[in-house]
Each structure stands twice: as structure tokens, then as C-alpha cells.
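Assemble chain D onto chain R, guided by the hints.
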Amino acid sequence: MIRYMLLISGGLLIGLVYMIGSRKPMKEIAVYLVLSLLALASWFDIFAGHLFNPNRWIGWAITWMGL
Amino acid sequence: MSGTLKEHISGWQFFLITVNYSLGTAFFIRPASIIATTKQDGWMIPLLAGAFTLAAVWIWMGMSKVYPNLSIVQLAVEVAGRPVGGLIALLYIWYFIQTSSWVTRNLGDFMKTILMPNTPITVFHIMFLGIACYAAIKGIETIARTSEILTPLVIFVMVTIYLCAMKEWDWSKLEPMFQTSFAKLVKDSGPVIGFPYLETVSIMMLAPHVKSRLRTSLLLGMTLATLLLSGIVLVTVGVLGAPRSGHLLYPLYTIVKELQIAEFIENLESTIVIGWTVWIFLKLCIAYYCAVIGICQLFKLKNRAGAAIPLIFLIAGIAITLNDNVIGNIVWDKRYIFQYSCFYGMVLPLLLWMLGKFKKRRRKGPAA
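From first to last, the protein sequence lines are chains R and D.
Going by my numbering, the first sequence opens with residue 1, and the numbers climb by one from there.
Going by my numbering, the second sequence opens with residue 1, and the numbers climb by one from there.
If we strip away everything but chain D, and leave its shape as in the complex, we get:
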């Protein structure tokens, strides 16, 4: 239960965590906004965004190599000193709390809009946050093992259902293809780079816990997430068509809702809801854990529970405050998410990397 206890996760577990964190909410939320802006060429956006993310991963790996045993929060304090580094650490803790709130709100919006419109949104928030809090107190090994058990199941369910949906596939819905200019593709990929790719910087908090193959796991995880995201945009356009998908909030849910197998298997939406809630749960657990462990590392706390329990109510409150409704979230995401995520995913890691290298070189100086 100690906040500073050394826990270990394998490269495979970190790979699954990367996939879950990148796709947890994006798999359901991103296709609609991608198709709304780029229509039939939307499947290229995740590929472009994924390619850009390689630069970010290079920075993250460089940062983590400076002090391999330190997380971002510890690294900030180590290389930038207590006052400035503490401020950077606080900014990151805020970012983890905000990400947790976003994830919670996405879940609440989905449940309230689609499944249970009469239940107050906070009920979903508190219930999920309660379990995430318990998982965060138990530690990253528990979260990683949960992820190891649940991820293959979720991916199997998703892939099976979407393969079944392929019978509705229509090539003509993908036409006209390759009509978007490269400049527009780059511009449209901005919000996708921000969310989910740069948001994944949070999992660098777990880097010191990874026993081996950190870089391989991270790169493979990002690659799989990119391929799955691009694939699901393609399937959505091929099945529903760009005009219809672009106007739906959750096009994947609609695909599954309209799916009928062998004329008697229908109403499969509950399966996809279970799959998505599992994915959201895993992402929420990771973001929540990062927030808790960040607080524990900054203030040198031994017990995680003291920081984890009040966070339930804080995150539930921020989740309500973030946006007035789903539309507000979409508008904010389109305008600001790239710039905001770049600050945490590119600017601060680059700064910490440079400061770390400079500090190490200066330490070596007098000895040489």
C-alpha cells in the first residue's frame, strides 16, 4: 500500500496498458469527429497522427533514459529543483486528475445519453471512481494483471462483432477516396494527435516499474492502437457511410445496434457496452493511479489511501464542471486539445530531458 513501494510490471503488461490507455475512450469517441471533418479519407488521420507520435515517443524515451528509475513527477523535482520542479510536478498531477475527469465524463455522457437517461450522471461517476480508487490503492501490479485478463477478451469481442458487421460493408460508401489535400489531412490530424496520442504521456509515470522492453512495448502498443483506430474508422465509413457516421455521437454503437446475425441474434449492443466499460475502467484506473502516485511521490507519502479517497469526489466534481454538455466537449476538443496536450506531451518532456542532460553533464564535468 506504500506510495513509494517498488512494484514491477512486465513488457507485455506495459504493452497492454499502452493499448488500453490509447484506445480506452478514443475507440468510441474519435471515429465520429474524424469522419465529420475528413469524410471518406478519415482512416488516414490516425496513421498520420501515429507517425507524428513517434517524435513524441522519441522525446519520452530520451527523458526516461536520463534517470531511468524516476517517474515524470520525480524527474521534474530532481532536474528542475524543488520550487520549479515542484510546480511542473503539480501541473502533471493536475493533468492526470483532468484526464481522469475526462474519462469519467465520457463514460457518464455515454451511459446517460444512450442507456439510462433517468439516472443522475454522478451516480455513474462515483461508482466507477470508487472501483478505480480501490485499484489505485492496490497498485500498478493489480491494474496490470487486470488488464492482462480483460484486454484479450475485449479485443476479441470487438473484433468479432465488427467482423460480423462487415456483411453490411459497401465499397461505394468509401468513394470518393483520396480527395483531401495533404495540408488538410495534417490540419485535421491535430486534435487526434492531442487525444489520444499525446495524452499517453501519462503512462510514462509507470516507466520505472517496467522490468524490460519499455521502448518496444510502448512503440508496439502505439502501433496497434493506431492500426485499430484507423481500421475502425474505415469499417464505420464502409458500413454506415461518411454522411451518417459524421452526424452520430457514437457510430460504433449504432453499427452494433443495427447488427443482426442469422436473423435471430440481435440487440448485441449490450456486449459492446460491456466491452467499452471495461476499456474505460482500465483507462480510468491507470489515469487515477498516475494522479495518486504523483501526489504520493511529490509529497513523499507512504500510504496511497489518504490521497486516493478524496480524489473520488474531486474527480467526480471536475467531471461535471469540465463541460456543460457533450457538444461543449467536442468544440473544446476541436479547438484546444492539440495545443494543450502538446504542452504536456512535447514541451515539458523536452524541457525535462534537456535539463536532465545538462545537469548530468555538469555533474560529470569536475570529475573529468
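Extracted from the complex, chain R is given alone in its bound form:
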């Protein structure tokens, strides 16, 4: 688990360093960073025992609306 997370983080970090090094626009770096953090959060959630399940939330919302 830790190795897998480190692998993903390492890969995304290399990308970030490359983007900063090649002077990409700030907006692109920010989008890359946000998406990378979301990806890491989703993987952390998987290893932490599935606290976040989008389908369950969507299902709950549809049931709450009475549809």
C-alpha cells in the first residue's frame, strides 16, 4: 500500500517538477496539482477502507429527492 502510494506520488511529483522547470503557465500547474491531489485522495481513500463512494452519494441524493 505505502509503496503503491509512493509510486503514484513520485510519478505525479516528477510531472510537477517538469512543469515548473519548463515554465508552464501558473494556471496549468494549478490544474495539474489539484487533479493530482484529487487522484492521491481517491487512492488514499481506497487504502483507508472506502469512505468515499460517489455512487452511494448519488443514490442517496436521488432517493432523498423521491425519484
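I should point out that these hints are in silico values taken from the structure, not numbers from a laboratory.
Below, a sample of chain R positions facing chain D; criterion: calculated Cβ distance under 10 Å:
#1 19
#2 43
#3 44
By construction, the Cβ of each residue, glycine as well, lies at the ideal position given by its N, Cα and C atoms.
Below, chain D without anything else, positioned relative to chain R:
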């Protein structure tokens, strides 16, 4: 590589994209659930769902005519303003990401359950997403050309194999026919309308790239997808019978696995696996591209790679999180997919269409 670069695809290419997107995963996954609920009359469900989809296509075309050069994401921001339109655009981006995750998970489930049970599911996900990411960075012209080359081949393989399977056809397996009431048929067609028909709203992201015959290509693509889906349900019932097909996860795979031609050509399942992976790949590329281009258009990014690369890991993560197993996916699909897809495929496009028309009329007002 620019996110805002103008790319063009022909009407024929858009037609193939429509067929691939509608059938990519549904061709293998849908027959089992259709037959499980509607038995021998299952072949009527895609026809009913296809007819309902005409209403959706009418809304999509109306929406795309308001601002023909804008995609859904751009249209949302244009007609609803930055805060509300931005939220609608974000919802659509989420929908594209979620669709990509569903497609990826369908592939992973199939590979893990049927072909390589000892390989971790994420391996399939990451490998496919890596290629889809590359295709998304290269752009829609590349995806459309790939689709142009691969689709005829896949359809030829599928049709040939299923024609060979017709020797097992038994008319008695289709009996009793026409036993389902119209009300039950309408109720059972709900999940099929949600997936794959309303899900196809995603390809409206590509509408500004289509040079000509957008409406014709979309309608013909949907019609062909409907006929192929209805035909494959009929073949499955005629060959395997409704009770057996309804209990299998992938009845088409079983048909091909049991197929034997001229007593020495057998084990043809690898051919169908290749065909299906090609179809899934094309659908995944399109959904992935829609997600990437949506992000680029919303945040006005010039380079697609910055958005495309982290999406590999995000989609792979969501694909695992979506459902615990195949059964969870089936249960969710049966209960919620229609309502969920209606929101993105009918409600939001109708809202954007109305807002766009209202805004255009208001602009014209003072001049007149």
C-alpha cells in the same frame, strides 16, 4: 496539443464515434440485464429506448444550434454566466470522468472475472488509461481516424462470429413471445435509456468539431446502435435461451466460447475479447477526451497534457471506488441509472437550450 486548437472531424467519423460510444460497453453488458428482466421480449427494449432517445437527440440538437461553435462546457458558461455555468460545466466534467471510470471498471471486471483472475484489476485500468491519455492528448482527429480504421474490423468480426453462432438458433427458445405488457416494457426500458442512450450526451462535446451532417450522423449512429443491440439480444435468446442468458454476466462471451465451426475451429473467444477491448478502448478514449477538453475549456488551458496525465490516476482510483463488485454495479444501474442520466442527458441540456434561446432573444431585443 493545444486545448483550444480547432480540430475537425467528418460526418462519417462522427457517425462511427456515435456507434462506438453507444455500443462500446453496452453491447456486452446490456443483453444480460435486458433478458433477465424482460425474458423473450427483451429485443423490444432497445427499440423502445431508441425511440425515447429521439426526444433527447431533439433537445441536444436544439442546444447545439443555439451556439453551434461551442461545446456543452463552453455553452454552459456562455449562457448561464461564470458562477452558475461554471458549476454546470464542472458537473459535466465530473460526468465524463465518472463515465470513463465506469468504462474502465467494466473492462477490469471482465478481464479479471473471465480472463486473468490472478492479475490485480488496477493493472488493466492503468494500462488502458495510459493509452487513452495519449490518445486524448493527440486530439479528436487522431481518435476519429483510429475509430475509422478499427470500427469496420470490429463490426465485421462480431457479425461473422454471430452469424456462425446462428447454427445453434432455436425458434422455440423465443417462445412465448409478446407476453410482456406495454407498461412493463416501458418500465424495463428505463435503465437502457439511461445507459447507453442518454450517456451519449457526452459526444455533444465533439459537436463543434463536426464539419457537416451532425444531426444525420447522430441519428444514424443511434439507429444503427439500436438495431445492433436489439439484434444481439434476439440472437442471445435464440441461441442460449432466456433462462440461461439471464443468469450469465456476459452471455455473448459464452455463445462464442461454446461455438465450434467445422469441428476443428474452436476457442474463438479470444477474437471476441480483442473486438470488445477495441470497442472499450474507443469509448474510453472519447470519454477521456471529453473530460480533458472540458477541463481545458473551463479553465482556458492551452496544453492538454497537464490535465490528461493526473486523470489516469484519478479515473483509476474512482473506477475502484465506484462499486465493490459487479453485482453492486448491476443493482445501482437498475435503480438509479435512468434518473441520473436523465439529469445530464435531458434536464441540463433542456435548461441550457432554453437559457441560450432566452439570452439570444434578449440580445436581439434592443436592436429590433
